[in-house]
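**Student:** Taking the hints into account, I'd like the entire structure generated from these sequences.
2 protein chains.
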Amino acid sequence: MERKEFRDLASPDDAREAIASLSLEGGIDRVPLEDARGRVLVARLDAELDVPGFDRASLDGYALRARDTFGADEADPARLAVVGEVHAGEEPAVELEEGQAVEISTGAVMPSGADAMVPVERTDRVEPRSTERASGETASAASDTDGDVLVRTSVAPGDNVMFAGADVAAGERALGPGTKITTRDIGLLSALGIDEVLVRAKPTVGIVSTGDELVRPGDDLESARGEIYDVNSYTIAAGVEDAGGEAVLYPHAGDEQDEMERILREAAAECDLVLSSGSTSASAVDVIYRVIEEQGDLLLHGVSVKPGKPMLVGRLADSAYVGLPGYPVSAMMVFRTFVAPAIREAAGVPEPTAATVEGRMARQERYGEGRVRLMPVGLVEDGDGEPLVYPVDKGSGATTSLAEADGVVEVGPETDYLEDGEPVTVQLFSPDVRPPTLLGVGEDDPTLNRLLDGLENPRYLSVGTRPGLRRLREGVPDVAVAAGPLEREVEAAELGRWSREWGVIVQAGNPHEVETLADLVDRDLRFVNRTSDSGLRASLEAALEDLAADSDASARDLRESIDGFDLGLRAHESPARKVIAGDADVGLGLAETADRLDLGFVSLGEQPVRVLANPDRTEKAGVRELAAALAERD
Amino acid sequence: MERKEFRDLASPDDAREAIASLSLEGGIDRVPLEDARGRVLVARLDAELDVPGFDRASLDGYALRARDTFGADEADPARLAVVGEVHAGEEPAVELEEGQAVEISTGAVMPSGADAMVPVERTDRVEPRSTERASGETASAASDTDGDVLVRTSVAPGDNVMFAGADVAAGERALGPGTKITTRDIGLLSALGIDEVLVRAKPTVGIVSTGDELVRPGDDLESARGEIYDVNSYTIAAGVEDAGGEAVLYPHAGDEQDEMERILREAAAECDLVLSSGSTSASAVDVIYRVIEEQGDLLLHGVSVKPGKPMLVGRLADSAYVGLPGYPVSAMMVFRTFVAPAIREAAGVPEPTAATVEGRMARQERYGEGRVRLMPVGLVEDGDGEPLVYPVDKGSGATTSLAEADGVVEVGPETDYLEDGEPVTVQLFSPDVRPPTLLGVGEDDPTLNRLLDGLENPRYLSVGTRPGLRRLREGVPDVAVAAGPLEREVEAAELGRWSREWGVIVQAGNPHEVETLADLVDRDLRFVNRTSDSGLRASLEAALEDLAADSDASARDLRESIDGFDLGLRAHESPARKVIAGDADVGLGLAETADRLDLGFVSLGEQPVRVLANPDRTEKAGVRELAAALAERD
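These protein sequence lines are chains X and V, in that order.
Sequential numbering from 1 applies to the first sequence in UniProt numbering.
Sequential numbering from 1 applies to the second sequence in UniProt numbering.
Derived by calculation from the structure, the hints in this document are not laboratory data.
All values derive from a computational prediction rather than experimental measurement.
All C-beta atoms, glycine included, are put in the ideal place defined by N, C-alpha and C.
It is possible that some hints are incorrect.
Unchecked claim - Label-pair distances were calculated between CB atoms; the ranges are:
1) D598(V) / A43(X): 16 to 22 Å
2) T356(V) / G475(X): 24 to 30 Å
3) R366(V) / R473(X): 55 to 61 Å
4) A156(V) / Y417(X): 21 to 27 Å
5) S112(X) / E422(V): 42 to 48 Å
6) Y417(X) / R497(V): 53 to 59 Å
7) S554(V) / E98(X): 26 to 32 Å
8) D8(X) / E422(V): 55 to 61 Å
9) S112(X) / D557(V): 25 to 31 Å
10) A628(V) / E17(X): 18 to 24 Å
**Tutor:** See below:
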């Protein structure tokens, strides 16, 4: 077996520099105003017109000459002849002379000759003082018959008038180059009459996933062949869009070299940046090397960071290229740390400052690997509302641990361990990440799942009863959920409990006629267990102890005589699913699960499920919300 | 003139309650995974399969029985016969027996019989110990000839194997109802093979703008008729999308009642919420009343909040309806405070906590109007990096002041004034609002505009030299830019200065043959001035004083003999534009402006433009950046 070895690893800074040296910029887009939100202006925009474009009445009332109102007050109003009216959107038909006023609507053009206006509330409309007129007058001169207005206040020139250009004046610098257009800027652009803007084109990022074992979500999966769903393609595409880029998903390439090469070249021709990921096979690396050698430039191979060692940076034809590690968590860590900032830079969209949170480590964490570590972490608020930070790690093969993380802490290569309580800086996955209102750990349970559905933004890690209680003692979660007998006293406040019926799940109709636990011991049945972390397992072990006490055999003997006792599955439904699949005759489980999946069930007893709260967190909003939901259940 | 009066104003809380009582929820959308980012899950998603779906090798190496390696170390390796290989995406063809190993790739299925694997780094491939074979063997049995492997370490059962379901187990609660799908969740959904999700439909929000004076951006504007561009439509549409809604812009309705009614009814039939704004005319309100009366329900009319008094809440047919004030700033304030939260609620997208900043008032601000005030504010960091908050207000008719604001402070009705230094909470317009790195105020100048273009996210308010210096003394901005003679000493650090040529701008070719300032005094020319806030005006006044000293007339006489001297425009290009439009013969301005607009120019002198920094802020990054840009200019 040939393997590429990564010696002389580049430093993270070198990797950043290498990526920065690639040009990811797209061109320029012309977009209509309604699509401009979130885009980035290419060049400065100066106002091409005055806003407003005319002297504008600020209120409903009368336009007049300020001088005609001097000295007027409630007791001694000024009397002016109303010679017309102007509404918004009309050109004034009259010119104002001394002693005259024009009725005017908010937003209308001030008529020529007027230099101020008075709001209608400070006026009274009256009949004209003298009504003698020529009898032959036409309707067009009706303005002469509008009567008079009494103005009960004195106004100064300019009062209640917004002069042309007072809001924005032609020639003024309106928006600078690089402005990320937000709602407020849309308002300014609208006011200037601009319905199209030149913005930076989003960098196009081609995503090429390789690996024979990968299947696109939605397609059928053959687990027996070792197929898994392709996590990286859609996840990296979403990350690219978070960073302001435009993701282009290329068809899955498998490990066939010609096909892979064709797709890589196509992506390089069409995109500003090509990202590959998904295959760790030597053949994939060979193809990438070949394409880079013929048409590109390899800048860097291997970075001293964990995860992310097997990272490639270079050029493919006219495109930039970064090879990401295959494991989804590693791929996303490397993407976020090294690639996303470069996409943001090219898109002109800087990382919001709000994307950082300062917190304290919830427990000690050891390293000392001499590499920068990118540690996915979760956040939880302690009893005082201060953020606690805990590492999230399901192992390097895990595809989903990021779903349980809120951000990343970068730990320097010289750091051997982070102390409990040590302050750290968390880069949130995005500025709109909200730490959970409640962090729970422990047993997997359907009643609990329904309770969680009623809460706002909870996070629950179904690690099993035993690890849940351990973590509660360590002080990280808000609550632990424990099923079955408690092995030892826990210092915790019990928020509530319920009871669940447990036993063994069998095929519908119970074809093997299982009736008691003894049947599992005595007969040749294929059994599927839960792990020893599970509270179900603890109740099963206790039942076996009881059975042993009633018989001659030891509990250990009983266990050994059950085929499959040692194979423990993690989730509460997994044994039932093995029974459905025909891989087992009997599985440990809950009555509720059997019922829901239309399977047979042999009850072995009831067990309590307790919700135990960290005593320091009982006043926390999320904990109180859960306590209320528990109380409502009863 | 008839006017609707708003008596018995509702409280802001009543308004919130009235809007909350309207149902804005849309239905359910089924969206493909690639479009799921940012959408909100309707129901809980449980894992329907194990991830991984099989026991999976975590590394490249050899699958084996752990028991066969017990006791092995560097000095005494275990020797196993290699009986085949499995790559990722292949179904294992072999079953492992005692003493055997299978070469395995990262991610491949563990062959039956193996319970652990050892990484290739801890092994050596060797020739088989015995090579005697039957000569008639076929190629298909080639695995028998794969040789042996020396394993230089002992492994335990399960080592380097990720068991089926270890990442996510079937039946596990994956994502709760109401989850806003982010990149990390896309990873989990991918891993579960889910390529479509049921999400909340975005509430559709119809936007109806009315008012004869409004023109859609991009169309021609007739200022003489009092037309202005419609600011509300696109701005509110952008705000709707910020809040997670889908905006639908309806054609502009003018003030024609039948048309307005038709559009309102159409919007009500098609949308979850209809927002109207733009017209303050009584006829628009009449139409709305009529439609509500016939087909709906008026819940509330008028709210005790400033701005926003003339607000309507009700139902139009099956749609919710909110009438916003016509002035753009008022409309957006009311939209953000009352309507956006309801859209967020319906969309299931809560306001990110990051959308709030705590700061101190930069100066005292008086109110005492007995209404809640929604105060648009800007943010600037003081010398210690602490946020200072200052009100932004260009008057109620201003359409663009929000472009200079970062958020809103809500001031209670009982508050008479906010003290200088008083802590306030700012609701940012959006969580990605970044306060400016530099806040400058003062003279409008083309050289300055170019300097600003080179800075990252500056904000400059071109209020003129005199107000700029006043604000600098008040301690709000980082820098003030002052042109012309300084009236009095300012306590400030001069970051740099340049000189600009000023004079009067005339039509190309100087048809009126203007040569000196005296020509303006002596001849019958229409002149356009700048406001007395401007440094250009200050130099002009000084030049007139000099001219007066050289003649018999007083400076005041000289001023009065210039036609248009008292009409001062705000921006440095405005007089030049009046000359272009033929509204004036001569305008005060800069040589650079004349040059750029291909106009004639008569120089009257040079004036300094000084950049003066708040002495407490000279170390602030944005100020240093500006100082560096100034130094580079020289």
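**Student:** For each hint, tell me whether it holds in the structure or not.
**Tutor:** Right, here's what the structure says about each hint:
no.: 1; hint: D598(V) / A43(X): 16 to 22 Å; result: holds (21 Å)
no.: 2; hint: T356(V) / G475(X): 24 to 30 Å; result: holds (29 Å)
no.: 3; hint: R366(V) / R473(X): 55 to 61 Å; result: holds (57 Å)
no.: 4; hint: A156(V) / Y417(X): 21 to 27 Å; result: holds (25 Å)
no.: 5; hint: S112(X) / E422(V): 42 to 48 Å; result: holds (47 Å)
no.: 6; hint: Y417(X) / R497(V): 53 to 59 Å; result: holds (55 Å)
no.: 7; hint: S554(V) / E98(X): 26 to 32 Å; result: holds (28 Å)
no.: 8; hint: D8(X) / E422(V): 55 to 61 Å; result: holds (58 Å)
no.: 9; hint: S112(X) / D557(V): 25 to 31 Å; result: holds (27 Å)
no.: 10; hint: A628(V) / E17(X): 18 to 24 Å; result: holds (23 Å)
Against the hints set out earlier in the document, no violation occurs for any number.
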